[in-house]
Amino acid sequence: MAKMYTEDLIRFIYNETTTDESNDISVALLSNSNLMAEFESLNETITQLDSLSMIPSPTSIKIIMEEAHRQSAEFAH
Amino acid sequence: MNLQKSSDQELIRLYLKGNEASLEILIKRHQKSVYTSIYLMVRDRSLAEDIFQETFIKIINTLRTDRYNEEGKFGPWAARIGRNLAIDYIRKMKRDVTITDSQGNDIFSYLRIAEESVEDKIIRNQTEHSLKELVKLLPEEQRQVLIMRHWGDMSFKEIADNTGVSINTALGRMRYALNNIRKMMETQNVKV
Numbered sequence: 001m002a003k004m005y006t007e008d009l010i011r012f013i014y015n016e017t018t019t020d021e022s023n024d025i026s027v028a029l030l031s032n033s034n035l036m037a038e039f040e041s042l043n044e045t046i047t048q049l050d051s052l053s054m055i056p057s058p059t060s061i062k063i064i065m066e067e068a069h070r071q072s073a074e075f076a077h
Numbered sequence: 001m002n003l004q005k006s007s008d009q010e011l012i013r014l015y016l017k018g019n020e021a022s023l024e025i026l027i028k029r030h031q032k033s034v035y036t037s038i039y040l041m042v043r044d045r046s047l048a049e050d051i052f053q054e055t056f057i058k059i060i061n062t063l064r065t066d067r068y069n070e071e072g073k074f075g076p077w078a079a080r081i082g083r084n085l086a087i088d089y090i091r092k093m094k095r096d097v098t099i100t101d102s103q104g105n106d107i108f109s110y111l112r113i114a115e116e117s118v119e120d121k122i123i124r125n126q127t128e129h130s131l132k133e134l135v136k137l138l139p140e141e142q143r144q145v146l147i148m149r150h151w152g153d154m155s156f157k158e159i160a161d162n163t164g165v166s167i168n169t170a171l172g173r174m175r176y177a178l179n180n181i182r183k184m185m186e187t188q189n190v191k192v
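These protein sequences, in sequence, are chains A and B. Just so we're aligned: the first sequence equals residues 1 to 77 in the numbering used here. Just so we're aligned: the second sequence equals residues 1 to 192 in the numbering used here.
Think of the hints as simulated: they come from the structure by calculation, not from any bench.
For lysine to aspartate or glutamate, the following EDC-like pairs were computed, each having C-alpha atoms within a straight-line distance of at most 20 Å:
1) K157/B <-> D8/A
2) K132/B <-> D153/B
3) K62/A <-> E49/B
4) K32/B <-> E133/B
5) K73/B <-> E158/B
6) K136/B <-> D50/A
7) K17/B <-> E74/A
8) K183/B <-> D50/A
9) K28/B <-> D50/A
10) K3/A <-> E21/A
11) K17/B <-> E66/A
12) K28/B <-> E66/A
13) K136/B <-> D88/B
14) K183/B <-> E44/A
15) K32/B <-> D44/B
16) K136/B <-> D44/B
17) K157/B <-> E7/A
18) K58/B <-> E67/A
19) K62/A <-> E20/B
20) K62/A <-> D50/B
21) K136/B <-> E49/B
22) K157/B <-> D20/A
23) K28/B <-> D8/B
24) K62/A <-> E24/B
25) K17/B <-> D66/B
26) K58/B <-> D88/B
Stretch-level coverage of chain B by chain A, calculated; a stretch enters the list once three of its residues show a Cβ under 8 Å from a Cβ in chain A:
27) 46 to 55
28) 150 to 164
Label pairs and their computed distance ranges (CB to CB):
29) D66/B <-> D20/A: 38 to 44 Å
30) E7/A <-> N19/B: 43 to 49 Å
31) L3/B <-> D20/A: 37 to 43 Å
32) K3/A <-> T62/B: 42 to 48 Å
33) L30/A <-> I57/B: 46 to 52 Å
Glycine is no exception: its CB is placed at the ideal position from the N, C-alpha and C atoms.
Sequences are here, hints too, so could you generate the full structure?
Structure, rendered in C-alpha cells:
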C-alpha cells in the first residue's frame, strides 16, 4: 500500500484488510505518529459504539416464543 | 447438553427437531445486534419492539419452510431482515402520510424538520448527551452505513451492494459518520 487513508484504517479496525494490507498498515502505524494518532482516535470512537447496545423487552421475546410454540403445534398436526 | 455453547447452526437444527429452548437461546444471542440496528433506524422504542417481533417471526417462518441457506451467517442475515422491515415501515410512513399545505407541498417534511429542531434544542440544553442521541442525529446515509457495519455485521462490500453505491462511497460515509460522532462527543460532553 503506497499511502494510508482513513478508510484503510477503518477497514483494518473492522478486519476487512488482506494479510498484506494488514502488515503494511501495522508497519506504517509504528513509524508514523500522525497515522497512529488517527488510528487511536478512530479505534476509541468505534470501541465506544460497542457500549450502545440495546435489548428488547422480555415481552417481545415472550411473544416470539408463543408464536414459535403455536407454529410448532400447528406443524405437528 | 449445554445449548449455550452450541453453534447457531446446531441451535437451528435442534429447534427444527422440536427443541424450543434452543430457539430462545438463538434469539437472545443475537437480540442486541438485531434490536439495536432496528432501533437506530426507526428511533422509537415501541416501534422497534414491534419490528423486532416481526423480524423473528419472519425468521421462524423461513426456518420452518426450509428456505434458510445462510450457513454460518445467521447474525448478519437476521440483522438484515430487521433492517429491511424497518426500511419498509419508514417508506410506508412516508407514502401514507400525504397531507399537503395550501401550495400543494407535502407537510411531512416540515413535520420531520420541526421534530428534529425540537430534539436538537432539547439535546443542546442538556449537559450530558447519550451516544444513542448522537447516532440518531447523523445524516441518514451515514447512520445507515454505521448501523449496517457496526451492529449489522455487514462488510463494506455488502453495504455497498445493498445501498447501490461504490465501496469507496460506503467507506467515505463511514468515515464521515465516525468523524461526526467524535466531534459531537467532544463538543457535547457525551458520557458513555
